[in-house]
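*Asks:* Sequence:
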Amino acid sequence: MANNWKTLITDYAWHSIEPERQVLAEIGAELIAAETGDEAELLTLAPTMDGILTCWKPLREPVIAAATKCQIIGRCGIGLDNIDVEVATEHGIVVTNVPAYCVDEVSDHAMGLLLACARKIPRFNRAVRDGVWDQNIGPAMHRIRGKTLGIIGFGRIGQAIIPKAKAFGLTINVCSPRTDPERIRQHGAQKVSFQELLTRSDFITIHAPLTTETEHLFSVAEFRAMKPTAFLINTARGGIVDTTALTEALRNGDIAGAGLDVLETEPPESDTELLTLENVVVTPHVAFISEESILDLEVTAARCVAQVLTGQLPESIVNPSVLKQPNLRANF
0 MANNWKTLIT DYAWHSIEPE RQVLAEIGAE LIAAETGDEA ELLTLAPTMD GILTCWKPLR
60 EPVIAAATKC QIIGRCGIGL DNIDVEVATE HGIVVTNVPA YCVDEVSDHA MGLLLACARK
120 IPRFNRAVRD GVWDQNIGPA MHRIRGKTLG IIGFGRIGQA IIPKAKAFGL TINVCSPRTD
180 PERIRQHGAQ KVSFQELLTR SDFITIHAPL TTETEHLFSV AEFRAMKPTA FLINTARGGI
240 VDTTALTEAL RNGDIAGAGL DVLETEPPES DTELLTLENV VVTPHVAFIS EESILDLEVT
300 AARCVAQVLT GQLPESIVNP SVLKQPNLRA NF
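Position 58 of the sequence shown, counted from 1, bears residue number 57 in numbering that gives the first Met the number 0, the numbering being contiguous throughout.
Note that these hints are calculated values from the structure, not bench results.
Any given hint could be a false lead.
With a Cα cut of at most 25 Å, we get these calculated DSS-like pairs of lysine-lysine [claimed, not checked]:
#1 K56 to K146
#2 K190 to K119
#3 K163 to K146
#4 K165 to K190
#5 K190 to K226
#6 K323 to K68
#7 K68 to K56
#8 K165 to K119
#9 K226 to K119
#10 K226 to K165
#11 K163 to K190
#12 K5 to K68
#13 K163 to K119
#14 K119 to K146
#15 K146 to K190
#16 K226 to K163
#17 K146 to K165
Simulated restraints on C-beta separations [what the hints assert, rightly or not]:
#18 P267 to N330: 32 to 38 Å
#19 E195 to N330: 46 to 52 Å
#20 L312 to T282: 51 to 57 Å
#21 P283 to E195: 31 to 37 Å
#22 H215 to P319: 26 to 32 Å
#23 V285 to R128: 20 to 26 Å
Here a beta-carbon is modelled for each residue, glycine too, at the ideal position from N, C-alpha and C.
Please take these sequences and the hints and turn them into a complete structure.
*Replies:* Shown next as structure tokens:
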């Protein structure tokens, strides 16, 4: 094809971007990978780009304003906290994400962290490797069946964890203020208020986006409201949990433990106190990863760019209001 479209990928968490390159090559578009993805580099690259893909690097007003040709910003993922969607919309740029990928992976990982915490698996593993064969290390364990799981959020992942948790005999409560209670009941769960979820749950798993409403949703008061035997699981966004407050709650026994795949600062500083505590299990933001989910992500994110550049509505658009704007850059 004779097209001269250029798409920038700011960063990626996988080994190769050949799937993206192949999808875009089919429409004659070139894929350009940033070296660092830092704002200074993006400012130099943005003006010539027709599309931008980003994984975790922030796309804020200066870069978006510099991308004067850009028709689409595609998030290689679900959450949008690293993209200033409002600014992109003001500039007539379509924003897309990939909302349906890694649902199985993240819900599996959340259950894995729950089980690792409840059954003290990492602690026993470390002890055995250190030559200690002792079934009584740490606090007493309790049966999982019959306990209550509280779910924050009721998107695809929040829904997907319900049958997995019910298979372990857990009762399910959901806090999702904008969701109809009947819809939650149809999934075999009960809608409760946030305060009820805090006080009733033996396990709480977070599956909500990071927004101004959810930032530090869990802080000092929330941990004090939870049962001292309860565990917090977070595979969503680190900023939803106040790290200082969580560290204090774990250290003081306000809650029993935490299983975290996300942190406020990633990677964490080497002297982060949270990482020294025995009652926390941490994985390095890997809940979304499988060979299958990554391929789905790469292909779908790139396909959204190809659709927009060729005048087709993308399969996932997060700012549909832009379609009615006179300054819309895409030619639908």
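*Asks:* The structure should be examined with respect to each hint, and the outcome stated for every one.
*Replies:* Verification of the hints:
1. K56 to K146: Violated - the C-alpha atoms of K146 and K56 are around 39 Å apart, more than 25 Å.
2. K190 to K119: 30 Å, violated
3. K163 to K146: Holds. K163 to K146 sits at ~14 Å (cutoff 25 Å).
4. K165 to K190: 16 Å, holds
5. K190 to K226: 19 Å, holds
6. K323 to K68: 19 Å, holds
7. K68 to K56: 20 Å, holds
8. K165 to K119: Within the cut-off at roughly 21 Å; holds.
9. K226 to K119: Roughly 18 Å separates the two Cα atoms, so the pair holds.
10. K226 to K165: 21 Å, holds
11. K163 to K190: 18 Å, holds
12. K5 to K68: Satisfied, since the Cα-Cα distance of roughly 10 Å is no more than 25 Å.
13. K163 to K119: Holds, because 20 Å separates the two Cα atoms, which is no more than 25 Å.
14. K119 to K146: 17 Å, holds
15. K146 to K190: 16 Å, holds
16. K226 to K163: Holds - the C-alpha atoms of K163 and K226 are around 23 Å apart, at most 25 Å.
17. K146 to K165: 10 Å, holds
18. P267 to N330: 32 to 38 Å: 45 Å, violated
19. E195 to N330: 46 to 52 Å: 50 Å Cβ-Cβ, so the 46 to 52 Å window holds.
20. L312 to T282: 51 to 57 Å: 37 Å, violated
21. P283 to E195: 31 to 37 Å: The hint (31 to 37 Å, Cβ to Cβ) holds, given that P283 and E195 are roughly 33 Å apart.
22. H215 to P319: 26 to 32 Å: 29 Å, holds
23. V285 to R128: 20 to 26 Å: 21 Å, holds
Against the hints set out earlier in the document, violations occur for numbers 1, 2, 18 and 20.
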